[in-house]
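Starting from the given sequences, assemble the full structure and let the hints guide the process.
Taking this note's numbering, the leading residue of the sequence shown gets 1, the next gets one more, and so forth.
Hints are supplied without guarantee of correctness; some may be wrong.
Claimed, not checked - With a Cα cut of at most 20 angstroms, we get these calculated DMTMM-like pairs of lysine to aspartate or glutamate:
id : residue 1 : residue 2
1  : K354      : E600
2  : K625      : E600
3  : K289      : E318
4  : K354      : D397
5  : K120      : E106
6  : K354      : D415
7  : K568      : E600
8  : K420      : E589
9  : K257      : E318
10 : K354      : E592
11 : K89       : D222
Treat the hints as calculated values from the structure; they're not laboratory data.
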Amino acid sequence: MKHKENHFNIIVVGGGHAGVEAAYAAVKLKQKVALITLDLSSVGRMSCNPAVGGIAKGQLVREMDVLGALMPRTTDTAGVQFKLLNLSKGRSVWSPRAQVDKRRYERCIKKALLGLSGLKIVGGEVINLFLNKNKLSGVLLRSGETLFAPSVVLTCGTFLGGLVHVGEKKTQAGRMGEHRAVGITEALTSLGLRSGRLKTGTPPRLYAPSVNWAKTVAVFGDTGPAPFSYSTKNFSPPNLPCHNIKTNQGCHDVIQKNLSRSPMFSGDVSGVGPRYCPSIEDKIHRFVKKKSHLLFLEPEWVSSDQIYVNGFSTSLPEKTQLSALRKIPALKNVEFLRPGYAIEYDFFPPAQLKASLESKEISGLFFAGQINGTSGYEEAAAQGLVAGVNASRYNKDQSPLVLGRDEAYMGVLIDDLITKDTAEPYRMFTSRAEYRLLLRYSNADFRLLEKAKTFGLIKSALYTSLHNKLELTGQIIRGLGGSLSKEEVVGLFPNSKKKKAPQVAPAKNFLKRPEISINSMPKRYFSVLEKNTISPHWAREVLLEVETQIKYEGYIKRQRNQVVRMLKQENVSIPPDIDYSKINTISLEAREKLQFVRPETLGQAFRVSGVTPADISVLSVLLYK
Numbered sequence: 001m002k003h004k005e006n007h008f009n010i011i012v013v014g015g016g017h018a019g020v021e022a023a024y025a026a027v028k029l030k031q032k033v034a035l036i037t038l039d040l041s042s043v044g045r046m047s048c049n050p051a052v053g054g055i056a057k058g059q060l061v062r063e064m065d066v067l068g069a070l071m072p073r074t075t076d077t078a079g080v081q082f083k084l085l086n087l088s089k090g091r092s093v094w095s096p097r098a099q100v101d102k103r104r105y106e107r108c109i110k111k112a113l114l115g116l117s118g119l120k121i122v123g124g125e126v127i128n129l130f131l132n133k134n135k136l137s138g139v140l141l142r143s144g145e146t147l148f149a150p151s152v153v154l155t156c157g158t159f160l161g162g163l164v165h166v167g168e169k170k171t172q173a174g175r176m177g178e179h180r181a182v183g184i185t186e187a188l189t190s191l192g193l194r195s196g197r198l199k200t201g202t203p204p205r206l207y208a209p210s211v212n213w214a215k216t217v218a219v220f221g222d223t224g225p226a227p228f229s230y231s232t233k234n235f236s237p238p239n240l241p242c243h244n245i246k247t248n249q250g251c252h253d254v255i256q257k258n259l260s261r262s263p264m265f266s267g268d269v270s271g272v273g274p275r276y277c278p279s280i281e282d283k284i285h286r287f288v289k290k291k292s293h294l295l296f297l298e299p300e301w302v303s304s305d306q307i308y309v310n311g312f313s314t315s316l317p318e319k320t321q322l323s324a325l326r327k328i329p330a331l332k333n334v335e336f337l338r339p340g341y342a343i344e345y346d347f348f349p350p351a352q353l354k355a356s357l358e359s360k361e362i363s364g365l366f367f368a369g370q371i372n373g374t375s376g377y378e379e380a381a382a383q384g385l386v387a388g389v390n391a392s393r394y395n396k397d398q399s400p401l402v403l404g405r406d407e408a409y410m411g412v413l414i415d416d417l418i419t420k421d422t423a424e425p426y427r428m429f430t431s432r433a434e435y436r437l438l439l440r441y442s443n444a445d446f447r448l449l450e451k452a453k454t455f456g457l458i459k460s461a462l463y464t465s466l467h468n469k470l471e472l473t474g475q476i477i478r479g480l481g482g483s484l485s486k487e488e489v490v491g492l493f494p495n496s497k498k499k500k501a502p503q504v505a506p507a508k509n510f511l512k513r514p515e516i517s518i519n520s521m522p523k524r525y526f527s528v529l530e531k532n533t534i535s536p537h538w539a540r541e542v543l544l545e546v547e548t549q550i551k552y553e554g555y556i557k558r559q560r561n562q563v564v565r566m567l568k569q570e571n572v573s574i575p576p577d578i579d580y581s582k583i584n585t586i587s588l589e590a591r592e593k594l595q596f597v598r599p600e601t602l603g604q605a606f607r608v609s610g611v612t613p614a615d616i617s618v619l620s621v622l623l624y625k
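See below:
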């Protein structure tokens, strides 16, 4: 009996956002799963900022929702402020974001996992992997216990060889106050996989009563926002404020004088940090002429005395951090609950993975999250979902879930990871997606609904509901193809008495004008929404999507034509055993990069760093021959 209790279909190593989504997806696909974590109390923990979503990250969360993830629904439940970002820009970059009660978020995640009959959560540390003819067969725990499974998903976060820095002080830890993991890196490198070191950081946490809130600027979210999850009903979230402050010259002077005491500047940190989320000392050093930097004071949970200082990530000595912040009027008497710190950790360059996130070297071994060199909850959760699905399909000998760059930001994320050099922690941005106009946050259901059904990731009731929503969108667009009456045209142009009103034409022709919005159109076009009693927030989003599809019709058509042309080479398979070193007609750099990455398709090869269009032309000819 004991032997059977130690046998699973999938073992997930790590209980962060990637591990949670991997385990949840696998159990939903009828797999028996063991989730192994160093600390049972830390499962689903939001270890850094108390927020979900943001630029491009919000699109990731919407996509994950269609594919059945936990993060979107949990964010709706635990969110305390919701906001749509980038509204002053084009709709391809509009992105939802939520401030979250991180304690409630963690409780919701644990409750959801504990309710899964096919999941066993195990407290322990994996130190080695067992292979049988280059295929996974199980893992060894530090306790000496062995767990068996044909597939393993590694989601180890910052715990592999984790080293925390606060000034000159170094502590071996996976996060401050938590043990690091030792053994997995050594096991994988002994099997021929290549590892590296990266660095990330976190800001100090302030004691709320020590802040002079009168000298801050309160910032609220949107009124009547839409939720992240399409399954959320009766959505009426709170709108708790965050507060803005700015650094000043006095703060900058303290930091400048102590730059040599920062591990990033002293050379104590060997890992490369995230370029797009730099430390405050890095910002002040690089932007010397900038007189101030904006900081956001974010409560970590409802009625929290612990405040997250967004924008002040640092690894300076604690006294220096405190001295610098006290130069800001609102923080003149501030006290710390915890200082900021940097952490460096081992990762495995993801070019060693297939598009399914399975290792190219070891069958049944999947990687997801920061172990792949990414940063952010959303990026980790998205990879975890894909890895959990594909580990399940690997066990069933089914083709993997692979999303294209034209289908989802999740597809862009994974394709970038497996084809480009990971010289620094990867963060998702809308600028990384060449087809971002097709990847709007408001059409994630349109893009992924059928794929979710095909892979068994969506419940039938939600599928029917979303299919109905898409049908309503189509109905309204078709209806707007009809002509407006003369009276309705005059109503669109109240000043038309002074000059001739436009001629009668299809309603959508007028909607394409920049000064005309969907709300200007006659209400008769939208009666189908009332008849279907669709929720108010989804009704608003249907109208937004209708307006977007009509106003951007020409641009959307152009991008779809680009996708068609791209797919002609994208899906040309490359034999896995091809020896690039013997192809003398392509550049030496291309040979070296392609030999390491070993792309699965010609499209992937085109995106490998250092490979030129000329190299691809030669490779294309060879493949067709």
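Hinted pair K120 and E106, Cα distance within 20 angstroms: Measuring from Cα to Cα gives roughly 18 angstroms; hence the hint holds.
Agreement of K257 and E318 with the hint, judged by alpha carbon distance not exceeding 20 angstroms: holds, 14 angstroms
Agreement of K354 and D415 with the hint, judged by alpha carbon distance not exceeding 20 angstroms: holds, 9 angstroms
Proposed proximity, E318 with K289 (alpha carbon, max 20 angstroms): violated, 26 angstroms
Pair hint outcome, K354 versus E600 [Cα-Cα no greater than 20 angstroms]: Given pair K354, E600 holds - Cα atoms ~7 angstroms apart, limit 20 angstroms.
K89 paired with D222 [C-alpha distance capped at 20 angstroms]: Answer holds: K89 to D222 is near 17 angstroms, not above 20 angstroms.
Distance restraint between K420 and E589, which requires alpha-carbon spacing of 20 angstroms or less: holds, 14 angstroms
Satisfaction of hint between E600 and K568, Cα-Cα up to 20 angstroms: holds, 15 angstroms
Distance restraint between K354 and D397, which requires alpha-carbon spacing of 20 angstroms or less: holds, 16 angstroms
Pairwise hint evaluation, E600 against K625, where the allowed Cα distance is 20 angstroms at most: Within the cut-off at roughly 17 angstroms; holds.
Pairwise hint evaluation, E592 against K354, where the allowed Cα distance is 20 angstroms at most: holds, 18 angstroms
Hint compliance for this structure: hint 3 is the single one not met.
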